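Student: The lines below spell out each chain.
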Amino acid sequence: MKKSHILIFGIILSFFSCEVDDICLEPTTPQLIIRFYDIANPTNKKAVNSLNIWIVGKDSIIKNKKTDSIAIPLKTGANITTYKFSSSNAVDEITYSYERNEVFVSRSCGYKIIFKNITASKSTSNWVKQLIIIKPTVENEKNAHIKIMH
Amino acid sequence: MKKTHILKLCISIFFLSIGNQIIAQKTDSLKIKNPYSLRLGVDISKPIMGFFNKDFSGFEIAGDFRFKNRYYLASEIGFTQKTTSEEYINFTTKGTYLKIGANYNAYNNWLDMKNEIFIGFRYGFSNFNQTVNSYAINQYGTYFDEYAVQNPIQFDNLTAHWAELVLGIKVETFKNLYLGASASFNTLIKTTDPENFQNLYIPGFNKRHLNSSGAGFNYTISYQIPLYKKVK
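Chains as they are written, first to last, in our numbering: chain A, 1 to 150; chain B, 1001 to 1232.
Worth flagging that the hints you see were computed from the coordinates, not collected in a lab. Values in this document were obtained by computation on a predicted structure and should not be read as measured data. Treat the hints with care, as some may be off.
Stated by the list, open to error - Residues from chain A shown here face chain B by an in silico Cβ test under 10 Å; the list is partial:
#  : residue
1  : Tyr37
2  : Gly57
3  : Ile61
4  : Lys65
5  : Asp68
6  : Ile72
7  : Leu74
8  : Ala78
9  : Phe104
10 : Gly110
11 : Ile113
12 : Lys116
13 : Thr119
What the hints assert, rightly or not - Each computed DMTMM-like pair below joins lysine to aspartate or glutamate, with the alpha-carbon atoms no more than 20 Å apart:
#  : chain 1 : residue 1 : chain 2 : residue 2
14 : B       : Lys1207   : A       : Asp22
15 : A       : Lys75     : B       : Asp1145
16 : A       : Lys129    : A       : Asp92
17 : A       : Lys58     : B       : Glu1146
18 : A       : Lys147    : A       : Asp38
19 : A       : Lys58     : B       : Asp1145
20 : B       : Lys1054   : B       : Glu1087
21 : A       : Lys122    : A       : Glu141
22 : A       : Lys75     : A       : Asp22
23 : A       : Lys84     : B       : Glu1087
24 : B       : Lys1068   : B       : Asp1112
25 : A       : Lys75     : B       : Asp1112
In this text, a Cβ means the ideal position worked out from N, Cα and C, and glycines have one as well.
Full structure from sequences and hints, please.
Tutor: Below, the structure is given as structure tokens:
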């Protein structure tokens, strides 16, 4: 084989190189992003002093946290997720309802879910005074989807 | 001083190369008749892979025809059924493929030897279907159980077109019986992806990587049917 052939083959081969795609790097099913605001001054964020969030029968997903912003997962196998929210000793139950769209991402990431037409409701107002939907479609975690006024 | 040295060197290289050519022409005067023939073979790697791997079954027939001293028309036709299991998806691909192209033999044979080290290209086409057997939704954390979907979805009448660069060898072991091995480097030209899924595996093209490239190999046993003989 002539040297020039090897060179040409090498050049062509470089266009056919492979990439590793065994690790999932793309964003998958997004979490629900909630921000906490002051009911007395609705443009101001207001941190919750001792926030606990859980599903009845399970451990807390958020435990004794002082924060004004959280991300929690929604159930991917059901159209409703109900969480208990507590601040100090006051507890309110918030129910999120939504539609689910399954979207193919990639070989390594598989499928994700995009949540559409999300609504939030509560039966009591022990500390959560008002729920405001900012983005009814949860497709990424770049911005907040829901405001909680307290 | 230096310039004259370089000049001398150039002149001597010039005469050396002319001398070489004259010698080469002389040895070339021995005329050897080579067959212009049709060669047909099977890929033995695919049935073997199918025997050891229950998720794969395949068959490939390869043929080529020498139409000019160093040039061969080449083609492969085959069938593949493969189940791919990834972390979140399990799917089965099933279909047939056809590859057409040419090989160039870059190997200088001694006298009447008929071996090859070849470089070639192919245009590949496949018609296939994909069945997503099961998948699980990729979600954050483990607070909720994984949501897995088990009912299979089948996508029919899918096609793909691609180009291949092939590098391989062929050795005549017994008279007219050849053993061959080749590797191919594929780049996808066009494919019809199913709705909300992707052709992650294509018969003949094999695993589709992120940048739409693929690779393949085969081991063939082939028999040469001599048609007529001609001087080189």
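Student: Taking the hints in turn, state whether each one holds.
Tutor: Verification of the hints:
1. Tyr37: Where the cut-off is 10 Å and the nearest Cβ of chain B is about 24 Å from Tyr37 of chain A, the hint is violated.
2. Gly57: Interface hint status for Gly57 of chain A: violated (12 Å vs cutoff 10 Å).
3. Ile61: holds, 5 Å
4. Lys65: Violated, because the Cβ-Cβ distance from Lys65 of chain A to chain B comes to roughly 15 Å (cut-off 10 Å).
5. Asp68: Violated, about 21 Å.
6. Ile72: Holds: closest Cβ of chain B sits about 8 Å from Ile72 of chain A, inside 10 Å.
7. Leu74: Leu74 of chain A check passes; min Cβ-Cβ to chain B is 8 Å, inside 10 Å.
8. Ala78: OK, holds: Ala78 of chain A within 10 Å of chain B, min 8 Å.
9. Phe104: At 5 Å from the nearest chain B Cβ, Phe104 of chain A passes the 10 Å test, so the hint holds.
10. Gly110: holds, 3 Å
11. Ile113: Cβ of Ile113 of chain A sits 5 Å from chain B, so the hint holds.
12. Lys116: violated, 15 Å
13. Thr119: For Thr119 of chain A, the interface hint is violated, since the closest Cβ of chain B sits about 19 Å away, which is over 10 Å.
14. B:Lys1207 / A:Asp22: holds, 12 Å
15. A:Lys75 / B:Asp1145: Holds: Lys75 of chain A and Asp1145 of chain B sit about 8 Å apart, inside 20 Å.
16. A:Lys129 / A:Asp92: holds, 10 Å
17. A:Lys58 / B:Glu1146: holds, 16 Å
18. A:Lys147 / A:Asp38: holds, 10 Å
19. A:Lys58 / B:Asp1145: holds, 12 Å
20. B:Lys1054 / B:Glu1087: holds, 19 Å
21. A:Lys122 / A:Glu141: violated, 23 Å
22. A:Lys75 / A:Asp22: Violated - the C-alpha atoms of Asp22 of chain A and Lys75 of chain A are around 26 Å apart, more than 20 Å.
23. A:Lys84 / B:Glu1087: Violated. Lys84 of chain A to Glu1087 of chain B sits at ~32 Å, over the 20 Å cutoff.
24. B:Lys1068 / B:Asp1112: holds, 16 Å
25. A:Lys75 / B:Asp1112: Roughly 73 Å separates the two Cα atoms, so the pair is violated.
Hint compliance for this structure: hints 1, 2, 4, 5, 12, 13, 21, 22, 23 and 25 are not met, and every other hint is.
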